[in-house]
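According to numbering that gives the first Met the number 0, the sequence shown is numbered sequentially starting from 0.
These aren't lab readings, by the way, just hints derived from the structure by calculation.
Any given hint could turn out to be false.
[Stated by the list, open to error] Below, simulated EDC-like cross-link-like pairs (lysine to aspartate or glutamate); rule was C-alpha separation at most 20 Å, straight line:
no.	residue 1	residue 2
1	K219	E167
2	K142	D163
3	K38	E227
4	K162	D173
5	K120	D199
6	K139	D173
7	K228	D199
8	K139	E167
9	K150	D163
10	K149	E178
11	K142	D170
12	K142	D185
13	K120	D55
14	K225	E65
15	K131	D199
16	K150	D170
17	K53	D199
18	K182	E153
19	K219	D170
20	K131	D173
21	K225	D199
22	K46	D72
23	K142	E65
24	K219	E65
25	K131	D213
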Amino acid sequence: MNKINRVILPIITVMLLVISTGCFSGTAGKSSAVNKPSKPQVLDTGKIEGSVYKNDYFGLTMNIPENWSIQNDEAKNEMKKTGEKLLTDSDEAKKAGVERSIERTVNLLSASKYPLGTPNKVNANMLVMAEKVSAFPGIKTGKDYLLNAKKMLESSRVKFTFKDITSEKIDGLDFSVLECIFKVQDKQITQKYYAAVIRDYALVFNMTYVSSEDLATLNKAISTVKFEK
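Take the sequences, apply the hints, and build the full model.
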């Protein structure tokens, strides 16, 4: 795996994992619309049928970009380990916070444009993750969640440039959106996070890209997200 891919994918994963070192709780937007008693009471990682990802807990379906590579559990775990080192350095308190966050976080889906290890490619990536927040009263909206993410990332070893948090609807639900930029070698990498608190979890979609072509592909994937009403 080239240096860019070794760095980018772990950062993507752990950026999502570390955002919970504060306090979380509450609901966001129209979350009650996806909180029907008929849904499962325990979150699992969901399933993939063809090119469609499904998760019954959230009543969620979305299309995976055509011909993209889907990471298995072993690859996800390796990214988490590498990313944790990149973001926490030798700070034991921060490391402990990341470890607690990992315990609360479920990596639902990780897909990339190219298989991991493809040489000389900057790998566009889509992640879907969920973090249990029901026991923490400090955050009531996706925006609160992302503000906490931003604070943690600002203290990391990676230098990020952030845009203001905005709001977008995904299939009628309100999601807060955080966009940030960082560089690896001479490449400018953009990451965009969508977050909302649904049921007991913060549900987060993350897209990482360099080119406008990859952004269009990722936007198309987000546009296919549907929540059972």
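A quick look at each hint next to the structure:
no.	hint	result
1	K219 <-> E167	14 Å, holds
2	K142 <-> D163	10 Å, holds
3	K38 <-> E227	10 Å, holds
4	K162 <-> D173	19 Å, holds
5	K120 <-> D199	37 Å, violated
6	K139 <-> D173	13 Å, holds
7	K228 <-> D199	18 Å, holds
8	K139 <-> E167	17 Å, holds
9	K150 <-> D163	13 Å, holds
10	K149 <-> E178	10 Å, holds
11	K142 <-> D170	18 Å, holds
12	K142 <-> D185	31 Å, violated
13	K120 <-> D55	34 Å, violated
14	K225 <-> E65	18 Å, holds
15	K131 <-> D199	6 Å, holds
16	K150 <-> D170	29 Å, violated
17	K53 <-> D199	18 Å, holds
18	K182 <-> E153	14 Å, holds
19	K219 <-> D170	13 Å, holds
20	K131 <-> D173	19 Å, holds
21	K225 <-> D199	19 Å, holds
22	K46 <-> D72	13 Å, holds
23	K142 <-> E65	31 Å, violated
24	K219 <-> E65	11 Å, holds
25	K131 <-> D213	30 Å, violated
This entry does not satisfy hints 5, 12, 13, 16, 23, 25, going by the numbered hints stated previously.
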